[in-house]
Amino acid sequence: MGSHSTNMRVKLPLFCLVLEAITIVLFAIFVRYDHETDASAWHQELQNNSKTNSDNDFYYRYPSFQDVHTMIFIGFGFLMTFLKRYGFSSVAFNFLIAAFGLQWSTLIQGFFHGFHDGKIHVGIESMINADFCTGAVLISFGAVLGKTSPVQLIVMTLFEVTLFGINEFIILNIVEAKDAGGSMTIHTFGAYFGLVVSRVLYRPHLEKSRHREGSVYHSDLFAMIGTIYLWMFWPSFNSAITAHGDDQHRTVMNTYYSLAACTLATFAFSALLNGEGKLDMVHIQNAALAGGVAVGTSAEMMLTPFGAMIAGSLAGIISTLGYKYLTPVLDSKLKIQDTCGVHNLHGMPGILGAAIGAIVALAATADIYGGGMDDVFPLIAEGKRTAQSQALYQFLALLVALAFALVGGTIVGFILRLPCFGSPSDSECFDDSLYWEVPEEPEHIAVRTEDPEQQTQA
Amino acid sequence: MGSHSTNMRVKLPLFCLVLEAITIVLFAIFVRYDHETDASAWHQELQNNSKTNSDNDFYYRYPSFQDVHTMIFIGFGFLMTFLKRYGFSSVAFNFLIAAFGLQWSTLIQGFFHGFHDGKIHVGIESMINADFCTGAVLISFGAVLGKTSPVQLIVMTLFEVTLFGINEFIILNIVEAKDAGGSMTIHTFGAYFGLVVSRVLYRPHLEKSRHREGSVYHSDLFAMIGTIYLWMFWPSFNSAITAHGDDQHRTVMNTYYSLAACTLATFAFSALLNGEGKLDMVHIQNAALAGGVAVGTSAEMMLTPFGAMIAGSLAGIISTLGYKYLTPVLDSKLKIQDTCGVHNLHGMPGILGAAIGAIVALAATADIYGGGMDDVFPLIAEGKRTAQSQALYQFLALLVALAFALVGGTIVGFILRLPCFGSPSDSECFDDSLYWEVPEEPEHIAVRTEDPEQQTQA
Amino acid sequence: MGSHSTNMRVKLPLFCLVLEAITIVLFAIFVRYDHETDASAWHQELQNNSKTNSDNDFYYRYPSFQDVHTMIFIGFGFLMTFLKRYGFSSVAFNFLIAAFGLQWSTLIQGFFHGFHDGKIHVGIESMINADFCTGAVLISFGAVLGKTSPVQLIVMTLFEVTLFGINEFIILNIVEAKDAGGSMTIHTFGAYFGLVVSRVLYRPHLEKSRHREGSVYHSDLFAMIGTIYLWMFWPSFNSAITAHGDDQHRTVMNTYYSLAACTLATFAFSALLNGEGKLDMVHIQNAALAGGVAVGTSAEMMLTPFGAMIAGSLAGIISTLGYKYLTPVLDSKLKIQDTCGVHNLHGMPGILGAAIGAIVALAATADIYGGGMDDVFPLIAEGKRTAQSQALYQFLALLVALAFALVGGTIVGFILRLPCFGSPSDSECFDDSLYWEVPEEPEHIAVRTEDPEQQTQA
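Protein chains in written order, with my numbering: chain P, 1 to 458; chain A, 1 to 458; chain H, 1 to 458.
Treat the hints loosely; a few may be bogus.
No distinction is drawn between identical chains; accordingly, a pair holds when it is met within one copy or between any pair of copies.
[Stated by the list, open to error] Straight-line alpha carbon distances no greater than 35 angstroms define the calculated DSBU-like cross-link-like pairs of lysine-lysine that follow:
hint	residue 1	residue 2
1	K335	K208
2	K335	K119
3	K278	K51
4	K333	K208
5	K324	K119
6	K335	K278
The hints are simulated quantities; they were obtained by calculation from the structure and are not laboratory data.
Start from the sequences, fold in the hints, and give me the full structure.
This is the structure:
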């Protein structure tokens with residue numbers, strides 16, 4: 001059934017093992033425990049600085065890390081199992097990409113952010129950042145879901161993680177914009193990168209596989225596992241690397257309210273846009289999450305709870321509208337086949353989130369932030385920037401993210417077209433059986449009687 | 001297929017958007033960051049009181065909050081997916097109700113508990129309490145599951161959250177009973193409220209939909225996801241708002257032992273009550289959780305581990321007996337159609353939990369509690385109450401909860417009968433296709449061959 | 001359908017209720033709150049020692065505990081739902097075994113580790129250890145999955161928990177080996193114990209049930225829920241009871257990198273070993289987890305991130321090779337029917353983990369560990385052992401674990417053969433309908449049309 005080009009027997013092991021070997025060698029050369037994970041260094045600090053074990057950043061961030069980890073592996077993984085015959089690939093390629101991506105991004109982000117004396121120092125914060133970076137790749141994966149081989153996905157991960165690291169360094173360290181929850185660095189970048197890759201890999205005859213592009217009843221329930229976990233733990237995502245104390249606390253709360261409001265807007269518009277007033281699982285599974293994206297930049301700021309709710313409502317509305325009206329147009333007019341609709345969940349809400357971040361930055365005053373200005377807008381606190389200039393830099397950061405996504409996605413898209421990486425034919429898309437030993441029956445849906453006689457009768 | 005009254009195209013958007021708009025306006029007027037989420041206020045405290053960031057209540061409660069959040073959205077949501085053709089509605093209406101309920105209860109509970117200088121101050125504890133309140137509504141949802149339109153559910157949420165806030169205020173602040181895990185305020189109130197609503201909405205011809213009321217093999221496995229999450233995280237539920245230190249620690253442990261013992265009792269009685277000695281998934285999915293309800297009041301007290309295990313065993317036994325013998329009687333004699341059997345999981349165990357709480361309060365002595373009396377029974381510590389009087393007040397609180405549930409449920413039930421809210425006909429219950437775009441086939445089970453020829457042959 | 005011997009109507013309630021009653025009595029006699037869960041004792045400490053509530057071990061360990069809890073109940077439970085017609089039993093017997101096991105192990109481990117003045121003192125650490133112990137039993141359950149009655153499983157739990165406690169006491173307190181994540185005490189012991197039990201219970205005519213031993217499409221997705229949770233939370237498992245500060249932090253990080261590398265190795269070898277280059281869900285579901293087992297002993301040591309990645313890669317490779325080549329041989333030559341392949345996921349990686357632990361111990365120097373030597377290798381820090389001797393004791397501990405598993409498993413296997421415990425016949429294995437009320441159709445797969453006419457036509 002699989003064409004020769006997608007036979008993974010040699011290619012997949014080769015790429016996995018060679019990349020893993022290179023990664024291990026680079027880790028051996030460059031990666032070291034940081035002062036909080038190194039036995040000797042931490043105990044030195046315990047003795048010298050009158051620090052206590054409870055000061056170890058582990059206790060401030062590990063619960064958030066595990067929530068983020070759950071979003072990456074369960075959230076993204078199961079969200080994409082909505083396809084009726086691509087559940088194995090969705091959850092398992094998600095697993096593969098993220099497992100490779102987090103190692104690779106430890107190196108890339110380490111070179112840019114954690115390089116001390118020629119070594120990359122790692123701890124809980126680098127783990128969170130590595131997971132964040134894989135989030136961007138998984139967003140792009142959503143755009144090309146079902147249409148790319150695992151080798152293509154690994155190659156995409158290799159390049160996208162690298163570009164993510166450069167883009168993030170420019171936005172956070174050169175432009176010095178704030179983006180704790182990654183509206184720009186993760187969502188906007190990941191979405192438009194994936195959309196451009198999908199454009200470059202455009203399949204004119206994808207209709208040959210369209211009968212497999214939908215869901216079945218239980219695959220939609222599997223997808224809801226992903227949705228609900230993403231929704232619940234998004235407050236942890238946005239707050240995972242914000243400053244200790246009020247910052248983490250406030251970021252969580254703003255995200256919580258944004259998502260709650262977004263959910264109501266999504267249900268409302270899903271029913272409104274349907275001719276018969278029926279709800280669409282695609283909207284609930286995806287658009288209800290846009291509220292997390294929309295406050296990714298601003299949640300750590302003094303957004304106020306009602307501000308968060310407005311942001312979330314707007315995000316739910318534009319996302320649902322996007323699924324209804326924009327996705328078909330992207331497909332038919334712009335030749336962008338966006339399997340999961342990442343433009344609606346991450347693209348537009350990411351831009352919205354960047355804009356909201358800039359607007360809230362604009363409103364920053366010493367009166368509102370007090371001593372907390374230091375944590376949220378250190379440059380304003382130090383008098384190096386005004387609120388207005390910070391807002392402008394926030395917009396600039398958005399442009400950087402978009403530019404990196406569009407240019408990077410184009411280049412990587414063309415790289416992925418190289419025949420050596422393999423690619424399913426237009427009639428083989430959205431089909432697990434190309435890559436997987438699928439239980440029992442190759443042609444039917446697997447869930448069926450196990451009684452052979454019963455099959456014959458049918 | 002859907003009757004006119006359940007066409008949600010106008011009603012659902014209208015209710016969602018208007019209520020969300022009202023909520024946002026009320027938040028804008030009343031809701032403010034508390035001293036731990038406000039940048040200026042918290043940094044003031046850091047400077048003045050020699051507080052450190054690690055004192056922020058966020059670090060004491062956020063992991064528990066996320067566990068509670070998981071119980072509300074995954075636990076309740078998936079527990080109700082056991083129905084073969086109502087999984088979309090179960091998990092998604094659960095999502096909708098909870099997302100609206102937590103916003104509304106922030107306001108209602110805020111007016112009663114967090115009102116300072118005309119403002120409601122919000123932080124991690126108000127978030128936990130808001131989630132708690134939605135728990136009561138979701139319990140009621142279990143009683144009417146499959147028989148109410150989403151608009152009816154939103155209206156029910158609006159009123160039930162409001163009544164919950166008043167009831168809780170009376171129990172905790174006027175009667176001054178203890179009820180950290182909500183045996184009375186959440187479980188008893190939520191269950192009897194829902195049962196009375198179900199009674200008022202009695203459907204004489206529900207047999208027309210009974211063929212959809214059961215489960216299929218995989219829907220029972222989806223439901224087990226809900227069950228296990230509720231079971232695992234119940235210790236976090238009961239302890240989420242207890243005092244720091246030994247209180248949270250002890251509450252967790254008591255709940256853990258109660259649930260473990262309850263599980264064995266449930267398996268035992270499930271096999272015992274079945275003519276062929278076979279286990280019933282309904283019992284395992286539900287009755288095994290009754291141990292969490294049964295120590296909802298007493299888990300923060302010096303219940304002792306073996307006391308917790310006795311409580312859990314009793315709860316498992318009465319709950320399983322309830323499913324076997326009481327649910328059919330409620331249906332046939334009292335005209336209470338209790339879809340999920342919330343009477344067995346939350347109603348009776350809630351009353352049991354209230355009673356156990358009163359008994360354990362009765363046994364409180366200065367010797368047992370020492371300096372911890374202040375946290376668990378402040379009025380006894382201050383000499384304002386004896387253990388005996390505290391026990392009496394605990395019983396009084398149960399009566400208050402029951403009264404609010406019965407009267408409130410009756411009134412709200414009659415409100416829900418107004419035709420404008422829409423309601424499925426007796427033959428349309430337990431059917432997702434009334435409210436949802438269901439994949440592919442409207443009449444068959446969705447999981448099926450995707451090959452059209454195959455269908456024709458069958 | 002069920003043979004008389006597996007009718008559970010009397011036996012299962014009898015065993016559950018009698019064992020629960022004995023457990024409650026033993027708890028009443030022996031189990032007491034420890035100084036951190038007892039109201040009086042903790043408040044004494046607050047007053048005397050200038051301790052604060054944040055010093056309560058609860059805050060250091062509860063998030064890890066809940067992750068471990070999730071691995072035990074969701075992770076193991078759903079991992080085993082891969083069987084097409086044994087999902088109810090997999091997740092629910094897992095639930096039953098673990099709920100009983102954690103109570104019983106509180107007693108057994110308490111006698112060995114927490115016995116003060118004739119009482120067992122319990123708190124968060126004893127809860128984690130109790131969950132750990134049930135992990136070993138659930139590993140053994142994987143070897144006999146589908147071939148044992150619930151009464152047999154309870155009896156196995158009773159004995160295995162007891163042997164686990166003795167074995168663990170010898171390894172940790174007499175041999176004084178380190179094994180925080182239980183490569184030896186949990187994985188090696190649990191796997192070989194289960195394999196020997198399976199050998200003793202060898203079924204020569206199991207081919208009569210082989211048609212039910214495979215998966216269906218959606219059962220493989222349910223199993224992936226288990227896999228991903230085990231994978232994500234394994235860092236919490238290995239670190240749950242390590243020392244505060246750098247130890248917990250470092251253990252988490254080492255495990256994270258080991259698992260990530262293991263995942264790539266697993267995908268590589270799964271494709272490589274398949275004639276058509278297709279991936280096998282069995283490998284992804286299981287072998288990708290071996291990286292957690294392989295650093296169970298060494299993750300708290302100064303393994304270094306790249307060392308962890310080498311360990312994980314090796315584990316993924318040997319585990320995948322095991323599934324491909326060793327499991328069939330164990331079955332055909334050694335008469336060991338290992339349903340879940342626990343030899344590949346826990347057995348060999350457990351031995352590998354023990355060996356890696358010994359090697360890393362051998363490399364321990366004062367320079368590397370500094371003041372942290374006290375936490376990781378207290379005997380080396382005190383000068384009572386050299387690194388070489390510690391390494392030898394680590395190997396000795398492995399031999400102890402293997403000896404306990406082999407001898408204990410043999411004895412318990414023969415006990416389980418007693419007819420009074422019931423056992424399915426060779427043609428009744430892997431079949432829920434023997435123990436469960438299965439929805440609707442006893443012979444067909446349950447997921448099917450609910451329209452009776454439709455069935456007739458088929």
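Okay, the hints, checked on the actual structure:
1. In this assembly of identical chains, K335 and K208 lie within 35 angstroms of each other by CA distance solely inside one copy; the values are 16 angstroms within and 48 angstroms between copies.
2. Proximity of K335 and K119 under a CA criterion of 35 angstroms is satisfied in neither setting, with 44 angstroms inside one chain copy and 52 angstroms between copies.
3. For a Cα distance limit of 35 angstroms, the shortest separation of K278 from K51 qualifies neither inside one copy, at 58 angstroms, nor across copies, at 53 angstroms.
4. For a Cα distance limit of 35 angstroms, the shortest separation of K333 from K208 inside one copy, 19 angstroms, qualifies, whereas the shortest one across copies, 48 angstroms, does not.
5. For the identical chains of this complex, K324 and K119 are neighbours neither inside a copy (49 angstroms) nor across copies (40 angstroms), given an alpha-carbon limit of 35 angstroms.
6. Proximity of K335 and K278 under a CA criterion of 35 angstroms is satisfied in both settings, with 29 angstroms inside one chain copy and 31 angstroms between copies.
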